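Trainee: Sequence:
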Amino acid sequence: MELRQLTTERERRIFSERMEEARAKKGARFRETQRSKIGKIHLEYGLLYGLFEHDDDPPEQMMSGFLMHDLASFPQSYPRPDLSHLPARSVMEGGELWSFAKGAGLLAQHGSIILVGLMQVHAVLVYPTFKPCDQSVPYARANFVNAGDPFVWPYCETTDGGKIWVQPMVLEGEALAELLHAVFARGFATSDSMRRIQFDNPFPIQPTLSRPAIPIGQRLAAVESAAAHGHEVNGDAQA
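Residue numbers (my numbering): 779 to 1017.
I should point out that these hints are in silico values taken from the structure, not numbers from a laboratory. Among the clues, some could well be false.
Pairs of lysine to aspartate or glutamate, EDC-like flavour, derived with a Cα cap of 20 Å [stated by the list, open to error]:
| hint | residue 1 | residue 2 |
| --- | --- | --- |
| 1 | 804 | 912 |
| 2 | 909 | 950 |
| 3 | 804 | 927 |
| 4 | 815 | 848 |
| 5 | 880 | 787 |
| 6 | 880 | 835 |
| 7 | 818 | 787 |
| 8 | 818 | 798 |
| 9 | 941 | 927 |
| 10 | 880 | 978 |
| 11 | 815 | 795 |
| 12 | 803 | 938 |
| 13 | 818 | 978 |
| 14 | 815 | 838 |
| 15 | 880 | 838 |
| 16 | 818 | 795 |
| 17 | 818 | 848 |
| 18 | 880 | 831 |
| 19 | 818 | 780 |
| 20 | 941 | 912 |
| 21 | 941 | 789 |
| 22 | 880 | 860 |
| 23 | 804 | 935 |
All values reported here derive from a predicted model rather than from experimental measurement.
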C-alpha cells in the first residue's frame, strides 16, 4: 500500500472529485452550509493524502483519502478546545476522510498514524458528530478524551437543514505514544522526502478490500475503526 501526499492542482482537484463521489455513493447525511468556506480552505491549504494499492497508480485510482493541517499552518476549525499550551506546529487537526472500498478507510487511518509519528505531533484533534448521531464512541475507546462540551458545528448542516452537534476530542500524551509504538512496530518505508509512505496491509482482508477484519490490539483497532464506524462533520465520510 502507498499513502501519497497530493500537492499539484490537478491532484487536489481529483481528490475533491473522488471525495464528493464517495460521499454521494455512501449517502452522506450532511452538507456544508452555503456561507461556509471551511471546506474550500482545507482543500486548498491542508495536507491532502490519497491511498493507493500500488506505488505507480495514477491519482484517479486513489481508494481513499483524508486531509489534515497543523495549527501553525492555519488555525483549528473552531476555537474550542483551547490548545494554545502546545506548540502550534505540534497539534494536528484531521478530517475529510472518505473511501470507495470498505476497508480502505482503515488503511488510510493506519497511514495517518505513521504521518503523525514522523511529524512529531504532540496532539491530534478531531470533531466527531455528537448529534443527530453519536460518532464519538470509537474515539473514546481509543483513548481520545473529550475536550469540552459538545457544541453546534457552524459550518455544516444535515441534508434537511438541521443542526449538527460535535464533540471535540483530543489524543495526546501516553495514549498517543502507545498507539505510535504499535503502528511503528509494523514497519514502513518512506520516499520522496516522506511524501510517499509504503507499508504492508496490516489487516487480513481481501485484495478488493471487501471484507475487513482487524485481529490486532483493542486500542489500535479502536482508533483505526473510528473511520469505519462513523463520520466527522469536518469532512469524514464513512469508511
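Trainee: Holds or violated: are the alpha carbons of residue 804 and residue 912 at most 20 Å from each other?
Mentor: Satisfied, since the Cα-Cα distance of roughly 18 Å is no more than 20 Å.
Trainee: Verify the proposed pairing of residue 880 with residue 860, using a straight-line Cα cut of 20 Å.
Mentor: 35 Å, violated
Trainee: Does the alpha-carbon distance linking residue 815 and residue 848 stay inside the 20 Å limit?
Mentor: 18 Å, holds
Trainee: Need the status of pair residue 815, residue 838: alpha-carbon distance at most 20 Å?
Mentor: 25 Å, violated
Trainee: Sort out whether residue 950 lies within 20 Å of residue 909, counting only the CA atoms.
Mentor: 25 Å, violated
Trainee: Taking only the CA atoms, is the gap from residue 880 to residue 835 under or equal to 20 Å?
Mentor: Holds, at about 19 Å.
Trainee: Given the hint that residue 818 pairs with residue 780, does the C-alpha gap stay at or below 20 Å?
Mentor: Distance ~26 Å between residue 818 and residue 780 Cα, so the pair is violated.
Trainee: Is the straight-line distance between the alpha-carbon of residue 941 and that of residue 927 20 Å or less?
Mentor: 16 Å, holds
Trainee: Within a Cα-Cα threshold of 20 Å, do residue 818 and residue 787 meet the stated pairing?
Mentor: Distance ~13 Å between residue 818 and residue 787 Cα, so the pair holds.
Trainee: Would you mind confirming whether the straight-line C-alpha gap from residue 941 to residue 912 stays at or under 20 Å?
Mentor: Roughly 14 Å separates the two Cα atoms, so the pair holds.
Trainee: Keeping to a limit of 20 Å between CA atoms, is the pair of residue 941 and residue 789 held or broken?
Mentor: Roughly 32 Å between the alpha carbons, so the hint for residue 941 and residue 789 is violated.
Trainee: Given the hint that residue 804 pairs with residue 935, does the C-alpha gap stay at or below 20 Å?
Mentor: Between residue 804 and residue 935 the Cα gap is close to 17 Å, so the pair holds against 20 Å.
Checked against the numbered hints given earlier, the structure breaks hints 2, 3, 5, 13, 14, 19, 21 and 22 and satisfies all the rest.
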